[in-house]
Amino acid sequence: MTHHDDPEKILLKLKDAAERADTSALDQGLLEWERVREEDWANVEISDGFSVRHHGLSPKMRALHVPMNAAANHGHREVAARLLRKGCEVPVVSVRHVVHHKHWDLLQLFIDSGWDINSPLEGPKTNSSPIMRHVLASHRQMHLLTAPTEISSGTLNKLADA
Numbered sequence: 001m002t003h004h005d006d007p008e009k010i011l012l013k014l015k016d017a018a019e020r021a022d023t024s025a026l027d028q029g030l031l032e033w034e035r036v037r038e039e040d041w042a043n044v045e046i047s048d049g050f051s052v053r054h055h056g057l058s059p060k061m062r063a064l065h066v067p068m069n070a071a072a073n074h075g076h077r078e079v080a081a082r083l084l085r086k087g088c089e090v091p092v093v094s095v096r097h098v099v100h101h102k103h104w105d106l107l108q109l110f111i112d113s114g115w116d117i118n119s120p121l122e123g124p125k126t127n128s129s130p131i132m133r134h135v136l137a138s139h140r141q142m143h144l145l146t147a148p149t150e151i152s153s154g155t156l157n158k159l160a161d162a
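Counting from 1, one number per residue, gives the positions in the sequence shown under full-length UniProt numbering.
Mixed in with the good hints, there may be bad ones.
Below 20 Å or equal to it, Euclidean Cα-Cα: the simulated SDA-like pairs (lysine to any residue) are [said to hold, decoys possible]: (1) Lys-102 / Glu-19; (2) Lys-86 / Asp-27; (3) Lys-9 / Glu-32; (4) Lys-9 / Asn-43; (5) Lys-86 / Leu-12; (6) Lys-102 / Gly-75; (7) Lys-102 / Ala-21; (8) Lys-60 / Asp-40; (9) Lys-102 / Trp-115; (10) Lys-9 / Met-61; (11) Lys-86 / Ala-21; (12) Lys-9 / Ser-24; (13) Lys-9 / Asp-22; (14) Lys-86 / Ser-58; (15) Lys-9 / Ser-58; (16) Lys-102 / Ser-58; (17) Lys-86 / Arg-35; (18) Lys-86 / Asp-40; (19) Lys-60 / Gln-28; (20) Lys-13 / Asn-43; (21) Lys-60 / Lys-86; (22) Lys-86 / Trp-115; (23) Lys-13 / Gly-87; (24) Lys-60 / Lys-102; (25) Lys-86 / Asn-118; (26) Lys-60 / Arg-35; (27) Lys-9 / Gly-56; (28) Lys-13 / Asn-73; (29) Lys-9 / Gly-75; (30) Lys-60 / Asp-27; (31) Lys-60 / Asn-43; (32) Lys-60 / Glu-45; (33) Lys-9 / Glu-34; (34) Lys-13 / Ala-42; (35) Lys-102 / Arg-77; (36) Lys-13 / Glu-32; (37) Lys-102 / Asp-112; (38) Lys-13 / Gly-75; (39) Lys-9 / Arg-77.
If you are wondering where the hints come from, they were derived from the structure by calculation, not from laboratory data. Treat the numbers as computed from the prediction; the structure is a model and nothing was measured.
Sequences and hints are given; from them, build the entire structure.
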C-alpha cells in the first residue's frame, strides 16, 4: 500500500466530496478506493465509531456507507446514485437522514435501487416504524398506517403527488 492508498485518507476524501456534492472529487476518490486491497480496510474506524469489520459486509463496501450517509444528509442525489452504482447498499442511517430532511427524490432513488420500503428500520416488520410514520405524516396520509397492505414504491409516488 502506498501513501496515496491510505484507506482513512480516502474515506475522508469521499465523505468530503459527498458533503460538497463534488462529483469530480468523488469519482477520483472512488478510483483510489478501488485500488486499496480489501484487507487494508479491516481496521478502519468510520465516523460513526463502528469498525467496518463488524457489520457483515466486506469492510471495503461498508466504508462506502460514510459518503452515502453524508450524501443522504445533504440531499445530494447524484452522489448517492454514483455510490449505489459502485455497489453501496442503502444504510438505515441514510434512510433516516433522507426522511428527516424530506429528500423524497433520494428516497425514491433508494427504492428504485432495491431498498425495500417495507424493511424493518426499527423493531419488527411493520408499517408503523417511526420512519414510516414520518414519511406518511409528511404527505398527510396517516390513514395508510392502518391499511392491511404493505406500502409499495407506487404508493410512495402517489403520496408525493398528493
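We went through each hint and held it up to the structure:
At roughly 17 Å between alpha-carbon atoms, Lys-102 and Glu-19 fall within 20 Å of each other, so this suggested pair holds. For the suggested pair Lys-86 and Asp-27, the alpha carbons sit about 10 Å apart, so the restraint of at most 20 Å is met. For the proposed pair Lys-9 and Glu-32, the alpha carbon gap of about 10 Å is at most 20 Å, so the pair holds. At most 20 Å may separate the alpha-carbon atoms for a hinted pair to count; Lys-9 and Asn-43 meet this at roughly 13 Å.
Pair hint Lys-86 plus Leu-12 holds up; C-alpha atoms about 17 Å apart against a cutoff of 20 Å. The hinted pair formed by Lys-102 and Gly-75 meets the criterion: a straight-line CA distance of about 9 Å does not exceed 20 Å. At roughly 18 Å between alpha-carbon atoms, Lys-102 and Ala-21 fall within 20 Å of each other, so this suggested pair holds. Among the hinted pairs, Lys-60 with Asp-40 is consistent with the structure: their alpha-carbon atoms are about 8 Å apart, no more than 20 Å.
Taking the CA atoms of Lys-102 and Trp-115, the gap is about 17 Å. The hint holds against a cut of 20 Å. Only pairs whose Cα atoms come within 20 Å are accepted, and Lys-9 paired with Met-61 is accepted, the gap being roughly 16 Å. In summary, the hint linking Lys-86 to Ala-21 is supported, as the alpha carbons are separated by about 16 Å, within the 20 Å threshold. Our distance criterion of 20 Å between C-alpha atoms is met by Lys-9 and Ser-24, whose separation comes to about 17 Å.
Our distance criterion of 20 Å between C-alpha atoms is met by Lys-9 and Asp-22, whose separation comes to about 17 Å. With a C-alpha separation of about 14 Å, the suggested pair Lys-86 and Ser-58 falls inside the 20 Å cut-off, and the hint holds. With a C-alpha separation of about 19 Å, the suggested pairing of Lys-9 with Ser-58 holds against the 20 Å cut-off. Between the alpha carbons of Lys-102 and Ser-58 the distance comes to roughly 30 Å, so the proposed pair goes past 20 Å and is violated.
About 13 Å separates the Cα atoms of Lys-86 and Arg-35, which keeps this hinted pair within 20 Å; it holds. For a cut-off of 20 Å, the pair hint linking Lys-86 to Asp-40 stands: about 18 Å separates their Cα positions. This hinted pair checks out: Lys-60 and Gln-28 have alpha carbons roughly 16 Å apart, not beyond 20 Å. The straight-line distance between the Cα atoms of Lys-13 and Asn-43 is roughly 18 Å, inside the 20 Å bound, and the hint therefore holds.
Note on Lys-60 and Lys-86: the hinted pairing holds, with a Cα-Cα distance of about 11 Å set against a maximum of 20 Å. For the given pair, Lys-86 sits about 15 Å from Trp-115 by alpha-carbon distance, which is consistent with the 20 Å threshold. The hinted pair formed by Lys-13 and Gly-87 meets the criterion: a straight-line CA distance of about 18 Å does not exceed 20 Å. For the proposed pair Lys-60 and Lys-102, the alpha carbon gap of about 29 Å is over 20 Å, so the pair is violated.
Proposed proximity of Lys-86 and Asn-118 is contradicted: the alpha carbons are some 24 Å apart, above 20 Å. Simply put, Lys-60 and Arg-35 have alpha-carbon atoms about 11 Å apart, close enough for the 20 Å limit, and the pair holds. The straight-line distance between the Cα atoms of Lys-9 and Gly-56 is roughly 23 Å, outside the 20 Å bound, and the hint therefore fails. A threshold of 20 Å between alpha carbons decides the hint, and for Lys-13 with Asn-73 the separation of about 17 Å falls inside it, so the pair holds.
About 23 Å separates the Cα atoms of Lys-9 and Gly-75, which puts this hinted pair outside 20 Å; it is violated. The hinted pair formed by Lys-60 and Asp-27 meets the criterion: a straight-line CA distance of about 16 Å does not exceed 20 Å. A C-alpha spacing of about 10 Å is found between Lys-60 and Asn-43, which places the hinted pair at or below 20 Å, so the restraint holds. Taken as a hint, the Lys-60 and Glu-45 pair is honoured in the structure, with Cα atoms around 12 Å apart against an allowance of 20 Å.
The straight-line distance between the Cα atoms of Lys-9 and Glu-34 is roughly 14 Å, inside the 20 Å bound, and the hint therefore holds. Our distance criterion of 20 Å between C-alpha atoms is met by Lys-13 and Ala-42, whose separation comes to about 18 Å. Simply put, Lys-102 and Arg-77 have alpha-carbon atoms about 13 Å apart, close enough for the 20 Å limit, and the pair holds. Between the alpha carbons of Lys-13 and Glu-32 the distance comes to roughly 10 Å, so the proposed pair stays at or under 20 Å and holds.
The hinted pair formed by Lys-102 and Asp-112 meets the criterion: a straight-line CA distance of about 17 Å does not exceed 20 Å. Among the hinted pairs, Lys-13 with Gly-75 is consistent with the structure: their alpha-carbon atoms are about 18 Å apart, no more than 20 Å. The straight-line distance between the Cα atoms of Lys-9 and Arg-77 is roughly 24 Å, outside the 20 Å bound, and the hint therefore fails.
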